[in-house]
Amino acid sequence: MTEQAADSYDFQAIQDRWLPVWEELKPFEVPNAGSDKPKKYVLDMFPYPSGDLHMGHAEAFCFGDVLARYWRGRGYDVLHPIGWDSFGLPAENAAIKRGVDPREWTYANIAQQKASFRIYAPSFDWSRVLHTSDPEYYKWNQWLFLKMYEKGLAYRKASWVNWDPVDQTVLANEQVLADGTSERSGAVVVKKKLTQWYFRITDYADRLLDDLDALEGHWPAKVLNMQRNWIGRSTGAEVEFEIEGREAKVPVFTTRPDTLYGATFMVVAPDSDLAAELAVSASPEARMQFQEYLTETQRQSEIDRQNADRPKTGVFLDHFAINPVNGERIPVWASDYVLADYGHGAIMAVPAHDQRDLDFAREFELPVRVVVDVRDETGESLPDPLESGVATAGDGVLVNSGPLDGLRKAEAIARAIEVLEERGTGRAAKTYRLRDWLISRQRYWGTPIPILHGAEEGNAGEMRAVGASELPVRLPASEGLDLKPKGSSPLGAATEWASVTDAAGTAWTRDPDTMDTFVDSSWYYLRFLSSQDDTQAFDPTAVNAWGPIDQYAGGVEHAILHLLYSRFITKVLHDLGYLDFEEPFSALLNQGMVLQDGAKMSKSKGNLVEFASELGEHGADALRVTLAFAGPPEDDIDWADVSVQGSAKFLARAWRVAGDVASEAGVDFAGGDATLRKHTHQLLADAPGLIEHYKFNVVVARLMDQVNVTRKAIDAGAGAADPAVRESAEAIAVILSLFAPYTAEDMWAKLGHRPTVALEEWPAADPALLVEDEVTMVVQVNGKVRDRLTLPASVTEAEAEAAARASEAVQRAIGDREIANVIVRVPKIVSIALR
1 MTEQAADSYD
11 FQAIQDRWLP
21 VWEELKPFEV
31 PNAGSDKPKK
41 YVLDMFPYPS
51 GDLHMGHAEA
61 FCFGDVLARY
71 WRGRGYDVLH
81 PIGWDSFGLP
91 AENAAIKRGV
101 DPREWTYANI
111 AQQKASFRIY
121 APSFDWSRVL
131 HTSDPEYYKW
141 NQWLFLKMYE
151 KGLAYRKASW
161 VNWDPVDQTV
171 LANEQVLADG
181 TSERSGAVVV
191 KKKLTQWYFR
201 ITDYADRLLD
211 DLDALEGHWP
221 AKVLNMQRNW
231 IGRSTGAEVE
241 FEIEGREAKV
251 PVFTTRPDTL
261 YGATFMVVAP
271 DSDLAAELAV
281 SASPEARMQF
291 QEYLTETQRQ
301 SEIDRQNADR
311 PKTGVFLDHF
321 AINPVNGERI
331 PVWASDYVLA
341 DYGHGAIMAV
351 PAHDQRDLDF
361 AREFELPVRV
371 VVDVRDETGE
381 SLPDPLESGV
391 ATAGDGVLVN
401 SGPLDGLRKA
411 EAIARAIEVL
421 EERGTGRAAK
431 TYRLRDWLIS
441 RQRYWGTPIP
451 ILHGAEEGNA
461 GEMRAVGASE
471 LPVRLPASEG
481 LDLKPKGSSP
491 LGAATEWASV
501 TDAAGTAWTR
511 DPDTMDTFVD
521 SSWYYLRFLS
531 SQDDTQAFDP
541 TAVNAWGPID
551 QYAGGVEHAI
561 LHLLYSRFIT
571 KVLHDLGYLD
581 FEEPFSALLN
591 QGMVLQDGAK
601 MSKSKGNLVE
611 FASELGEHGA
621 DALRVTLAFA
631 GPPEDDIDWA
641 DVSVQGSAKF
651 LARAWRVAGD
661 VASEAGVDFA
671 GGDATLRKHT
681 HQLLADAPGL
691 IEHYKFNVVV
701 ARLMDQVNVT
711 RKAIDAGAGA
721 ADPAVRESAE
731 AIAVILSLFA
741 PYTAEDMWAK
751 LGHRPTVALE
761 EWPAADPALL
771 VEDEVTMVVQ
781 VNGKVRDRLT
791 LPASVTEAEA
801 EAAARASEAV
811 QRAIGDREIA
821 NVIVRVPKIV
831 SIALR
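So in full-length UniProt numbering, spot 343 of the sequence shown is number 343, and the numbers just go up one at a time.
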């Protein structure tokens, strides 16, 4: 046992005393197999090395560590690894700004964060560290890509994409914020047509949506709703419209096929392939108008285009379509309120019953036909939309609709689908808001895509996957490359790296793009099981023994992107036979933000609280206790409202309690003070449920109370030699180790035990000590509390009523009035009603 200082609480001395011990013992390393203990996999969302750790990291890793330490104390082998999400734009942009290699900047920051983690003392298994920018990691990104490619889930196509004009790279839909700006650069995102790589996540849309039901109660409801809304499943029909002069029919998705008889025109997205095709065969005047309109549309964000309050604009494409249910010729227009990636980029416009279509029809004097008789609460038909300017979108009876007349919405939809199927012009269908995952990026610092492109006449236009034995395709050195954003990948200029000649002497060129870093983080939790294994991405036996993740912790900002992609990749790997499970994260904890004076911390605002300075001034334990005690984890914490000094004082009081214990280790607790023992065992009984429901602040409050009660017992009761005092001090040390590992370890040593308290199983609560000897019953007279009676816990209803009637306070309240009724509910209340 390490020699202890006995005079005062000194957090720096305690940290210096125990860090070397833990590093020598390596208490949190666990093997993949060989233990008979049950397993728990606890994982924190791994950090990005953009600099030193900050207060957000302090909060997130505090909560994850509390849970990891808790489950160890409950008798589990706990896997709690750490790594770094180290590829991506921030590193590349910082390297460009500083004129250094992205590797140099990235790994220097990792070293700094690792040093800070060491002092903060999360219970990580440091033997499993990974960095996604290591070739030993991204080799398996490329392996995953090739598996997706073989399965037909990775494909390349030309399409309109989100383009960040500052970072000069494409963005997935999920990386465009609600205001139409890039989540990275803040620039307004524009549309650009490029040939890009995609993962076919839409093939899994139904499973991704339906499997959320099993996560109810285990994931925050807000996150589940965000995932559901993003996937956005709609049911209806796919209707095939013929366009005069065009052989292929145009499929249009609608949720209201019952309103087909009211479709009086068609609208296509200006930036769709269909609009470009129709414009080619339009009149010269229409073609010129279309090109001008397309240029104008491309300057707008999707958010602007979907704003329902914007004036409607558009151009006639000089073509007509045929309504498949009534044979009517309807004009085809292009308008920016239709998006190219919604369905097939075309809609049937039913202006009487859709407000955007009505606004467009009124602007360009197009027909409006009512086909649903929608009525108000009095039974009167709503005004004609053409006159009122308000579309009638509700339920009603079909009119002007041939075989659908007289039917209500649900029946009419079903019958309309039958009619379409009978005529061969449509069918029941589903569509989704979710789009395929665009994974290619025109930047350097990422995983090279393992595809070769034909580079000579004989193989021009061909693509070939890099062989598995040739992985990893390593990034070339950045020296000599211009990494500045310019619209094409810097790797294209690495001619020596890009040029490949196969065994047959055929020339190929490497794909110049790199992968979205969300690919890296979509499966990293699997790599922790085999982080040092160069023969496989992960060991399926080990993964299926430990997985899925029992507890995941991290920021709600990843509620859509990261979680959705991880769920998708997990399902793909399950289908490929590698995983026994289909959902990666069984339980999810999202923490709030750490604010300063009500605002998000930032250097520009001058309100930044430095993690390193707080750590140096107050110590890791006080910082961790403060974060845990501040409130529920999901709530924001305002650093101006908390007291790190108060946490330090509490830790000092707890530490002194352990130092004052005078009984020997191993003493029989049974003879100790009964009142203190009951208090201790009530804490032991309540703490597990509180921890498992993330009520960390309540547990800290209970520990503070336990310290105070124990101090009173030392000062006023049987004294420091009372066995109940030792029992309480040991319980405090064990539970406190979740929040304040240094202080708890020092207390444990003071109490005569060997390290480490973090591996000590929690003492069980004695049921006999949880039984109350006495109860307090409230006595009400005509609804007003008149007395509180302390009675034996075994009291009967008759005894409780007799005690209530005998109370002087109750007798004065009754006076000379007659009792009408008495209700007794042991052990809570006696209620007396008077006439």
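Derived by calculation from the structure, the hints in this document are not laboratory data. Every residue, glycine too, gets a C-beta built ideally from N, C-alpha and C. Just to be clear, a hint being listed does not mean it is correct.
[Said to hold, decoys possible] Derived Cβ-Cβ restraints for the label pairs, each shown as a range:
1. Asp-395 to Gly-606: 51 to 61 Å
2. Leu-608 to Gly-461: 32 to 42 Å
3. Phe-581 to Gly-719: 48 to 58 Å
[Stated by the list, open to error] With a straight-line Cα cutoff of 35 Å, these simulated DSBU-like cross-link-like pairs (lysine-lysine) come out:
4. Lys-147 to Lys-222
5. Lys-430 to Lys-192
6. Lys-486 to Lys-192
Right, here's what the structure says about each hint:
A hinted range of 51 to 61 Å for the beta carbons of Asp-395 and Gly-606 is consistent with their spacing of about 56 Å. Against the hinted window of 32 to 42 Å, the Cβ-Cβ separation of Leu-608 and Gly-461 comes to about 53 Å, which falls outside the hint. Here the CB-CB span from Phe-581 to Gly-719 is close to 55 Å, well matched to the stated 48 to 58 Å. At roughly 33 Å between alpha-carbon atoms, Lys-147 and Lys-222 fall within 35 Å of each other, so this suggested pair holds.
For the hint pairing Lys-430 with Lys-192, the CA-to-CA distance comes to about 28 Å; that is within 35 Å, so the pair holds. Restraint check for Lys-486 and Lys-192: the C-alpha separation of about 14 Å stays at or below 35 Å, so the hint holds.
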